[in-house]
Amino acid sequence: MKFLCVECDRQMQFEERQLPGDGTLAAAFRCPTCGRVVALLTNPMETQLVASLGVKIGGTTLPPQPLETVRGMVATGKEDAFDDGRERGAGSGPSWSMEAQERLARVPGFVRGMVKRIYLDYAKDRGIAEITPAVMDTARSELGLEGM
Amino acid sequence: MSLNIRTYHELTEADRSGLADQIGAQRRRVADRLASVRRVVAVLSGKGGVGKSFVTAGLARALARSGRSTGVLDADFNGPTIPALLSLPVTRCTLHDDAIEPAVSAEGVRCFSMALLLEDGRPLAFRGPETEGHVWRETLETATLREFLADVAWGALDELLVDLPPGVQRFQELTELLPARPAVLAVTIPTPESRDAVRRALRAANDRKATLLGVVENMVGGPFVGSAADELAAEFGIPVLARVPFHPGEDVWENVVSKLGSSL
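As given, the protein sequences belong to chains S and B, one line each in that order.
At position 143 of the first sequence the residue is numbered 143 (the working numbering), and the sequence of numbers has no breaks.
At position 230 of the second sequence the residue is numbered 230 (the working numbering), and the sequence of numbers has no breaks.
The set of hints was computed from the structure by calculation and includes no laboratory data.
Note that the coordinates shown come from a computational prediction; the quantities given were computed from them, not determined experimentally.
One thing to keep in mind: the hints can contain errors.
To be verified - Over 10 Å on every C-beta distance to chain B, these chain S residues come out as not near it, computed from the model: (1) GLY21; (2) GLU68; (3) GLY72; (4) ALA81; (5) GLN101; (6) GLU102; (7) LEU120; (8) LYS124; (9) ARG126.
Claimed, not checked - Restraint-style ranges between C-beta atoms, simulated for each label pair: (10) S/ALA134 - B/ALA25: 48 to 56 Å; (11) S/GLU99 - B/SER66: 39 to 47 Å; (12) S/GLY109 - B/SER66: 34 to 42 Å; (13) B/GLU119 - S/ALA129: 20 to 28 Å; (14) S/GLU102 - B/GLU132: 31 to 39 Å; (15) B/ASN255 - S/LYS124: 52 to 60 Å; (16) S/ALA134 - B/VAL135: 33 to 41 Å; (17) S/LEU40 - B/ASN255: 52 to 60 Å; (18) S/LEU40 - B/ALA31: 25 to 33 Å; (19) S/GLU99 - B/GLU132: 33 to 41 Å; (20) S/GLU102 - B/ARG92: 19 to 27 Å; (21) S/GLY109 - B/ALA156: 29 to 37 Å; (22) B/GLU235 - S/ALA26: 49 to 57 Å.
We treat Cβ as the ideally placed atom computed from N, Cα and C, and that holds for glycine.
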């Protein structure tokens with residue numbers, strides 16, 4: 001999937017991804033010559049199809065987590081299927097605000113450990129000292145974490 | 001007047017999405033993980049209810065007892081039974097060096113299965129739109145197979161047996177994901193109906209240039225009548241590895257290991 005600014009005859013560049021939380025996705029692309037921006041809007045079925053391939057429009061910045069698609073997509077997984085006790089760099093990473101901890105606690109146990117690792121990696125990568133709901137929202141959009 | 005629009009392949013500037021690169025990275029992850037696996041063996045039949053999982057488990061245990069490093073990937077995501085057949089201990093999946101540790105049977109068979117992940121008694125269900133699930137469900141199951149191959153710490157194995165569900169679709173997905181063609185072991189029951197279904201599966205395996213190891217005839221000596229294994233063996237030029245009665249002893253599986261011998 002690529003976008004062409006026909007007027008400039010230039011390939012448009014990925015600019016930003018937004019996940020409104022209703023299963024849809026918005027991805028903006030900008031023409032490097034004229035600056036025009038167009039948005040790709042996908043319906044929930046199209047969003048799901050792309051996610052099912054295990055790819056992200058706009059690319060990825062963090063390494064894949066083990067069973068990332070399975071953990072993110074299976075709805076009938078056991079709450080205690082995974083032992084996520086051995087977190088990378090546990091104890092030395094960013095802290096979690098109370099609100100962020102409450103939000104994380106609402107994530108199903110089947111995927112919670114992975115989601116926590118992703119947010120920790122994201123925060124470490126960007127030198128963020130405290131993970132807040134705002135940081136989680138930004139990470140969700142930047143990383144394309146639909147439903148996390 | 002129509003617009004002058006360049007084609008997809010004519011646009012060659014760097015693209016942050018790099019969807020094709022992402023798919024390529026997924027394939028490399030599978031290849032890297034399986035670099036220490038000597039051989040992948042797909043256990044298929046094309047027919048449901050012939051005992052593929054039963055044969056897979058019996059063979060895996062016998063291979064392990066014979067001193068071979070053996071793994072089983074249960075690729076029947078909607079009806080996973082391998083953990084029960086291998087009497088795997090109930091345990092949580094642990095992370096290890098960015099991979100998931102497989103469960104290990106008393107004989108040392110390393111196994112991963114959807115049964116280890118699902119809530120007891122609940123079907124495999126995916127999050128997503130409630131309608132038109134047929135559009136993306138198979139894609140998600142293929143992604144599941146890819147992650148079971150790439151993200152489980154299989155380690156150094158002589159054989160990784162892949163227990164396939166009925167039909168040939170999962171087999172075709174498997175061959176697309178693997179860096180090398182798998183070997184194939186077919187399972188049938190004696191009946192003509194089973195023979196016909198397994199024939200289709202073996203032809204699909206031939207089309208994919210897989211190595212056919214042989215056929216195991218299961219549920220012999222009971223109500224199922226026919227000579228499916230002999231006919232398939234003659235047609236495809238493969239050995240009948242075993243005729244398995246309803247209540248086989250361990251010697252049946254050990255004979256299969258012996259017959260497979262150097263072909264594994």
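Original post:
Does the no-contact call for S/GLY21 survive, Cβ to all of chain B over 10 Å?
Top reply: holds, 13 Å
Subject >> Beta-carbon spacing of S/LEU40 to B/ALA31 - inside the hinted bounds 25 to 33 Å or not >> reply: holds, 31 Å
Original post:
Lying within 33 to 41 Å: is that true of the beta-carbon distance S/GLU99 to B/GLU132?
Top reply: holds, 36 Å
Subject >> Non-interface claim for S/GLU68, where every Cβ of chain B lies beyond 10 Å >> reply: The claim breaks: S/GLU68 does not keep its Cβ more than 10 Å from every Cβ of chain B (closest is about 7 Å).
Subject >> Assessment of proposed distance window 31 to 39 Å (beta carbons of S/GLU102, B/GLU132) >> reply: holds, 34 Å
Subject >> Cβ distance range 34 to 42 Å for S/GLY109 and B/SER66, holds or violated >> reply: holds, 40 Å
Original post:
S/ARG126: least C-beta distance to chain B exceeds 10 Å?
Top reply: Holds, because the least Cβ-Cβ distance between S/ARG126 and chain B comes to about 17 Å, which exceeds 10 Å.
**OP:** Check the non-interface label on S/ALA81: least C-beta distance to chain B beyond 10 Å or not.
**Re:** violated, 5 Å
Original post:
In this structure, is the beta-carbon distance linking S/ALA134 and B/ALA25 contained in 48 to 56 Å?
Top reply: violated, 30 Å
Subject >> Separation of S/GLU102 from chain B, once the least beta-carbon distance is taken, above 10 Å >> reply: holds, 22 Å
Original post:
At the C-beta level, are B/ASN255 and S/LYS124 separated by a distance inside 52 to 60 Å?
Top reply: Given a distance of about 55 Å, which is inside 52 to 60 Å, the answer is holds.
**OP:** Evaluate the condition: distance from the CB of S/GLY72 to the nearest CB of chain B exceeds 10 Å.
**Re:** violated, 8 Å
Hint compliance for this structure: hints 2, 3, 4, 10, 11, 13 are not met, and every other hint is.
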